[in-house]
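In the order they appear, the protein sequences are chains W and F.
If you count by this note's numbering, then the first sequence holds residues 94 to 565, one letter each, in order.
If you count by this note's numbering, then the second sequence holds residues 94 to 565, one letter each, in order.
The reader is advised that the hints may include incorrect statements.
If several chains are the same, the list does not tell them apart, and a pair holds so long as it fits within one copy or across any two.
Stated by the list, open to error - Each computed DMTMM-like pair below joins lysine to aspartate or glutamate, with the alpha-carbon atoms no more than 25 Å apart: (1) Lys332 to Asp316; (2) Lys390 to Asp211; (3) Lys514 to Glu534; (4) Lys463 to Glu153; (5) Lys216 to Asp228; (6) Lys557 to Asp507; (7) Lys505 to Glu106; (8) Lys332 to Glu150.
Note that these hints are calculated values from the structure, not bench results.
2 protein chains.
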Amino acid sequence: MNLYESLAVKIEERIRGGSLAIGERLPSIRNLGRQENASPATVVGAYELLKSRGLIEARERSGFYVASFAAPALSEAKAAPGFVRPASLDPEDLILSLRQAMHNPHIFPFGTAAPMPDFFPIKALNRCFSQVLRDEPATVSEYRFPPGAESLRQQLRKRFSGMGVRLAANDIVTTSGAIDAIGLALSAVARPGDVVAVETPTYFGILQLVRALGYKILEIPLDTELGLTPQRFQQALQKSAGKIKALITVANFCNPLGSLMSDANKRQLVQLAEDSGTTIIEDDIYGDLAFDGTRPKPLKAFDSQDTVILCGSFAKTISPALRVGFACSRKFAPAILAQRAARVSGVSALAEEALALYLDSGHYERHLRKIRSAYHTLTAQYTHAILSHFPAGTRVSRPQGGFVLWVELPGKPDARLLQTKALEKNISVAPGPLFSSNHGEYGSFIRINCAIPWTTQAQKAVEKLGGVIARL
Amino acid sequence: MNLYESLAVKIEERIRGGSLAIGERLPSIRNLGRQENASPATVVGAYELLKSRGLIEARERSGFYVASFAAPALSEAKAAPGFVRPASLDPEDLILSLRQAMHNPHIFPFGTAAPMPDFFPIKALNRCFSQVLRDEPATVSEYRFPPGAESLRQQLRKRFSGMGVRLAANDIVTTSGAIDAIGLALSAVARPGDVVAVETPTYFGILQLVRALGYKILEIPLDTELGLTPQRFQQALQKSAGKIKALITVANFCNPLGSLMSDANKRQLVQLAEDSGTTIIEDDIYGDLAFDGTRPKPLKAFDSQDTVILCGSFAKTISPALRVGFACSRKFAPAILAQRAARVSGVSALAEEALALYLDSGHYERHLRKIRSAYHTLTAQYTHAILSHFPAGTRVSRPQGGFVLWVELPGKPDARLLQTKALEKNISVAPGPLFSSNHGEYGSFIRINCAIPWTTQAQKAVEKLGGVIARL
Chain W
94 MNLYESLAVK IEERIRGGSL AIGERLPSIR NLGRQENASP ATVVGAYELL
144 KSRGLIEARE RSGFYVASFA APALSEAKAA PGFVRPASLD PEDLILSLRQ
194 AMHNPHIFPF GTAAPMPDFF PIKALNRCFS QVLRDEPATV SEYRFPPGAE
244 SLRQQLRKRF SGMGVRLAAN DIVTTSGAID AIGLALSAVA RPGDVVAVET
294 PTYFGILQLV RALGYKILEI PLDTELGLTP QRFQQALQKS AGKIKALITV
344 ANFCNPLGSL MSDANKRQLV QLAEDSGTTI IEDDIYGDLA FDGTRPKPLK
394 AFDSQDTVIL CGSFAKTISP ALRVGFACSR KFAPAILAQR AARVSGVSAL
444 AEEALALYLD SGHYERHLRK IRSAYHTLTA QYTHAILSHF PAGTRVSRPQ
494 GGFVLWVELP GKPDARLLQT KALEKNISVA PGPLFSSNHG EYGSFIRINC
544 AIPWTTQAQK AVEKLGGVIA RL
Chain F
94 MNLYESLAVK IEERIRGGSL AIGERLPSIR NLGRQENASP ATVVGAYELL
144 KSRGLIEARE RSGFYVASFA APALSEAKAA PGFVRPASLD PEDLILSLRQ
194 AMHNPHIFPF GTAAPMPDFF PIKALNRCFS QVLRDEPATV SEYRFPPGAE
244 SLRQQLRKRF SGMGVRLAAN DIVTTSGAID AIGLALSAVA RPGDVVAVET
294 PTYFGILQLV RALGYKILEI PLDTELGLTP QRFQQALQKS AGKIKALITV
344 ANFCNPLGSL MSDANKRQLV QLAEDSGTTI IEDDIYGDLA FDGTRPKPLK
394 AFDSQDTVIL CGSFAKTISP ALRVGFACSR KFAPAILAQR AARVSGVSAL
444 AEEALALYLD SGHYERHLRK IRSAYHTLTA QYTHAILSHF PAGTRVSRPQ
494 GGFVLWVELP GKPDARLLQT KALEKNISVA PGPLFSSNHG EYGSFIRINC
544 AIPWTTQAQK AVEKLGGVIA RL
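Make the full structure from the sequences, and use the hints.
Laid out in structure tokens, this is it:
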């Protein structure tokens with residue numbers, strides 16, 4: 094981090110902490126430079142950065158002011174964990190329509206948690222594919238079997254080791270993506286009918302999976318900033334008489350909240366799970382996307398008894414088209430491997446070798462720095478735009494990583510109706526009810542994808558969406 | 094087919110029909126030419142072809158003789174369908190060791206049903222991958238969702254239509270290979286605990302899948318030449334009081350027998366399934382590999398009421414590394430799609446588009462002609478070698494397509510012990526007990542892969558294996 098970036102972080106902390114209020118005038122360039130022992134250029138750099146992130150705004154001939162970014166906090170989700178009896182409304186159709194909208198280039202993709210192609214290292218990845226095709230043509234002519242390519246599992250082992258997670262390559266099974274990894278992990282530890290705890294709100298793909306595999310769903314409400322707290326998990330254990338077979342959790346920047354579990358909470362949660370015989374299935378798919386650049390540890394780093402199965406993929410950072418994910422645990426690797434081997438006769442060596450090559454190239458860390466900063470800026474820009482163009486009373490999440498916003502609309506409009514109305518205007522949004530199996534929840538929430546370049550078109554899309562909401 | 098090929102077919106029929114016995118001298122070139130109104134060149138061509146296939150042999154200065162190819166028929170499998178209580182011996186380890194052996198280039202791969210890279214169109218496929226990477230870089234940067242690439246589903250629709258199977262592209266869901274297709278089809282029609290009928294002997298991957306999904310397995314013995322007969326299915330229905338939820342069958346050149354169901358039997362089987370409310374899950378993965386070049390119809394071609402889900406992939410003909418298969422049925426497509434969408438968040442657009450491009454190029458039919466003929470010849474050559482070098486009394490299947498042989502060893506040696514002993518000599522074989530969930534079955538059978546070029550090394554491997562068997 095250079096000087097003006099450090100200064101910007103300092104100022105941001107004051108804004109978020111409340112010592113600089115919305116609308117308050119920031120110190121002049123000269124004053125702040127004196128206070129912070131910084132050159133005018135550094136202060137200007139910091140202010141410009143904060144401006145570009147929508148945190149502060151310049152008023153002509155008057156200086157900088159704290160923008161209305163510092164959004165009012167979301168309402169708390171329901172306070173107690175609860176079992177869910179899936180309602181009659183079939184969410185599969187809503188999901189299908191959301192996914193179909195994704196491939197219509199005329200539809201503005203607020204609805205999907207997928208970065209636009211601009212944010213993927215297409216050229217570098219493409220080179221890796223070409224290199225594998227050229228140097229190892231056998232990768233398209235041979236069966237390769239689970240647990241997957243040794244080269245990739247070695248790369249993963251190395252990465253995890255840098256995060257404090259000790260694994261051998263043989264503890265890692267490659268999968269057809271993160272959801273497949275979670276599904277295999279579930280099948281390895283639980284039988285249909287068992288209680289599986291999930292977070293709420295949570296990514297609808299997780300709910301879809303848990304439903305399809307026939308588990309009993311227990312939803313545990315998240316704290317909007319802290320994510321899943323040990324207290325809430327404790328309550329859930331009590332509610333279910335301790336019979337939670339597995340817990341699926343996204344400790345780092347969960348979708349849709351972007352919240353981050355503290356290290357202390359992570360340690361405590363793993364301990365609780367261990368004591369209660371619950372296997373944690375950790376989805377770390379957003380872990381590489383911390384706004385502040387610090388890679389948070391996975392839960393698996395606090396796991397001495399192999400209570401955690403670490404799952405994930407690079408679908409949010411390298412490419413969603415690889416269809417390569419991973420599930421890691423020494424204890425459960427044989428069971429996961431057996432599940433995987435029973436379901437597919439082979440694995441895609443081409444994609445696995447290309448991914449291994451890319452990870453080995455060193456390009457990934459540079460790429461991450463670029464997109465982390467872009468997502469941070471974009472998330473702030475979209476927050477600012479939403480608070481400016483959506484009806485007064487709109488509340489927005491304060492993610493600490495990832496690239497999505499969780500937006501609570503005032504006046505209780507029906508988000509599912511909004512999905513339909515917005516689609517008529519060629520804008521997709523993900524309606525809140527998808528994020529719980531209990532369809533009464535999140536009726537007036539939507540999730541907004543911010544990994545979309547901030548253009549005039551984007552600005553217009555926010556305005557148009559604000560108009561649709563106002564008319565509901 | 095040219096003149097000498099037709100003549101060769103005629104002679105082969107006589108040999109197989111028994112009117113020309115093993116060891117019998119064939120007519121002289123002049124005599125046969127007169128009988129068949131064929132030129133000497135045509136007769137020589139036919140004899141050379143039969144020789145190359147191991148059906149006849151030349152003896153110096155004495156003419157051509159029927160080789161010992163016309164193997165004694167296999168013993169019949171157990172005559173009645175039966176429920177299977179999986180024995181205590183865990184077959185997963187045997188399968189794992191088989192698959193691990195596959196990647197050791199020092200091990201001669203008799204044990205896998207996978208052609209050597211020589212038999213795949215690597216260059217042409219590689220060009221298709223490169224073209225997709227060059228022309229459609231978005232395929233590595235975008236989520237693509239089930240049911241899969243429209244281009245591929247259109248190509249499949251066209252192919253099936255040529256086989257008398259009428260489907261719309263929307264009736265087709267792409268999958269991560271044939272076993273994944275069968276698993277999704279099963280999940281769409283049956284619940285854990287339901288009765289699923291399988292053939293016996295059958296590919297162990299199917300058994301592994303059915304076990305992992307928690308179904309009750311009913312095994313129906315195959316006729317060694319006719320495959321699954323309607324009579325046997327009828328018996329199975331009676332045995333299970335009509336409660337067979339799904340039947341997994343490989344009508345065309347099943348692995349390991351290579352048998353072919355007749356069209357009349359196919360029609361009757363589909364009718365029986367329809368009447369009894371059983372869904373047929375058809376695995377057509379070997380259908381393109383008929384020795385006589387005639388593409389047999391899938392069961393699905395005889396299906397007016399959507400009783401059949403047609404599954405398969407191109408793993409045996411184009412590449413086992415694509416990890417792209419298909420499941421087809423108008424009625425069940427929505428349920429299969431729901432299962433697929435719940436298990437994976439996306440599909441591999443790169444592999445699907447490359448495959449579609451390859452199928453569209455017209456290269457496939459040429460390639461099939463080449464490998465069908467090669468597999469026919471190789472299967473005969475290996476049969477001949479096995480009968481020459483294995484202990485007297487060895488019996489060999491008479492496949493009509495595919496590229497594997499099912500070999501019954503005399504004197505009841507333990508095929509699992511043989512697997513171990515052969516591996517010590519760097520030869521893999523697939524032991525018979527893997528091909529049934531009832532581990533008492535096929536104790537002295539092995540499956541032999543013939544899609545391996547016929548070289549001195551191959552010849553030595555057969556001899557060495559014969560030696561291992563003799564010493565057991």
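Checked hints:
no.: 1; hint: Lys332 to Asp316; in the structure: within (18 Å within a copy, 56 Å between copies)
no.: 2; hint: Lys390 to Asp211; in the structure: neither (28 Å within a copy, 46 Å between copies)
no.: 3; hint: Lys514 to Glu534; in the structure: within (20 Å within a copy, 62 Å between copies)
no.: 4; hint: Lys463 to Glu153; in the structure: neither (31 Å within a copy, 77 Å between copies)
no.: 5; hint: Lys216 to Asp228; in the structure: both (18 Å within a copy, 12 Å between copies)
no.: 6; hint: Lys557 to Asp507; in the structure: within (17 Å within a copy, 74 Å between copies)
no.: 7; hint: Lys505 to Glu106; in the structure: neither (32 Å within a copy, 79 Å between copies)
no.: 8; hint: Lys332 to Glu150; in the structure: neither (48 Å within a copy, 79 Å between copies)
Against the hints set out earlier in the document, violations occur for numbers 2, 4, 7 and 8.
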